[in-house]
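S.K.: In case you want the letters, here they are:
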Amino acid sequence: AQSVTQLGSHVSVSEGALVLLRCNYSSSVPPYLFWYVQYPNQGLQLLLKYTSAATLVKGINGFEAEFKKSETSFHLTKPSAHMSDAAEYFCAVSQQGGSEKLVFGKGTKLTVNP
Amino acid sequence: SQTIHQWPATLVQPVGSPLSLECTVEGTSNPNLYWYRQAAGRGLQLLFYSVGIGQISSEVPQNLSASRPQDRQFILSSKKLLLSDSGFYLCAWSVGIGQAVFGAFFGQGTRLTVV
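Protein sequence lines correspond, in order, to chains A and B. Numbered per the working numbering, the first sequence spans residues 927 to 1040. Numbered per the working numbering, the second sequence spans residues 5 to 119.
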């Protein structure tokens, strides 16, 4: 069975600092991996996805993530945090070659301090 | 372009009352459709998914049911709500199985409070 673990339910950074949100996955088959962002009382917006092409994936709003098979990780980074990045971020996994049922992590709430 | 509509945005219902949440997708055909529930601190839990009209798979046993009467319509229902049904419900769609994976796209959600 697939699963996702997001380390740290809350992360706080200063504006302009590096953002690093951690995600580790477990999958018995090659995975598809996703990062979503959710602003308060809204649905989820896809930030980026890994589908077995390049291991470094660039997404919207300056975010990127690197797939590391040896570490079973897919951490999300942004070089310089902006106040508008404050939101909750979810990592998700689904199986390649199968349906697109997504299994989500519990989320990481990002706070950006001025 | 594709859009997904989910309503109502908020709902307060008494315990024991029925529930009907509706979701429709525009701009695509034969989508996979999903209902997720989000509880505080627990991430998103997949409740139901559907790969076609009348085809519903339930992921967890619960007090809820889902139906897909039309290709782009997905309905979440309950005959009698429980307090534990409170949460943020999200509908999502994705392209069909076997096609390129684009991820799932979400509606704006329904905040359900059972009192």
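Please note that the accuracy of each hint is not assured.
Distance windows between CB atoms, simulated [said to hold, decoys possible]:
1) B/Ser33 <-> A/Ala979: 22 to 28 angstroms
2) A/Ser940 <-> B/Thr7: 35 to 41 angstroms
3) A/Leu982 <-> B/Val19: 33 to 39 angstroms
4) A/Asn987 <-> B/Thr7: 19 to 25 angstroms
5) A/Thr1037 <-> B/Gln112: 20 to 26 angstroms
6) A/Leu946 <-> B/Thr14: 33 to 39 angstroms
7) A/Ser954 <-> B/Pro22: 38 to 44 angstroms
Subject to a maximum C-alpha distance of 30 angstroms in a straight line, what follows is the list of computed BS3-like cross-link-like pairs (lysine-lysine) [as the list claims (entries may be wrong)]:
8) A/Lys1027 <-> B/Lys84
9) A/Lys1027 <-> B/Lys83
10) A/Lys1032 <-> B/Lys84
The set of hints was computed from the structure by calculation and includes no laboratory data. Only a predicted model underlies this, so the values are computations on that prediction, with no experimental measurement involved. Quick reminder that beta carbons are idealized off the backbone N, C-alpha and C, glycines included.
S.K.: Each hint should be assessed against the structure and marked as holding or not.
M.R.: Hints and how they fare:
1. B/Ser33 <-> A/Ala979: 22 to 28 angstroms: 27 angstroms Cβ-Cβ, so the 22 to 28 angstroms window holds.
2. A/Ser940 <-> B/Thr7: 35 to 41 angstroms: 37 angstroms, holds
3. A/Leu982 <-> B/Val19: 33 to 39 angstroms: 50 angstroms, violated
4. A/Asn987 <-> B/Thr7: 19 to 25 angstroms: Check passed, 21 angstroms falls within 19 to 25 angstroms.
5. A/Thr1037 <-> B/Gln112: 20 to 26 angstroms: 23 angstroms, holds
6. A/Leu946 <-> B/Thr14: 33 to 39 angstroms: Holds, since A/Leu946 and B/Thr14 (Cβ atoms, about 34 angstroms apart) stay within the stated range.
7. A/Ser954 <-> B/Pro22: 38 to 44 angstroms: Given a distance of about 40 angstroms, which is inside 38 to 44 angstroms, the answer is holds.
8. A/Lys1027 <-> B/Lys84: Distance of about 27 angstroms is within 30 angstroms: holds.
9. A/Lys1027 <-> B/Lys83: 26 angstroms, holds
10. A/Lys1032 <-> B/Lys84: 28 angstroms, holds
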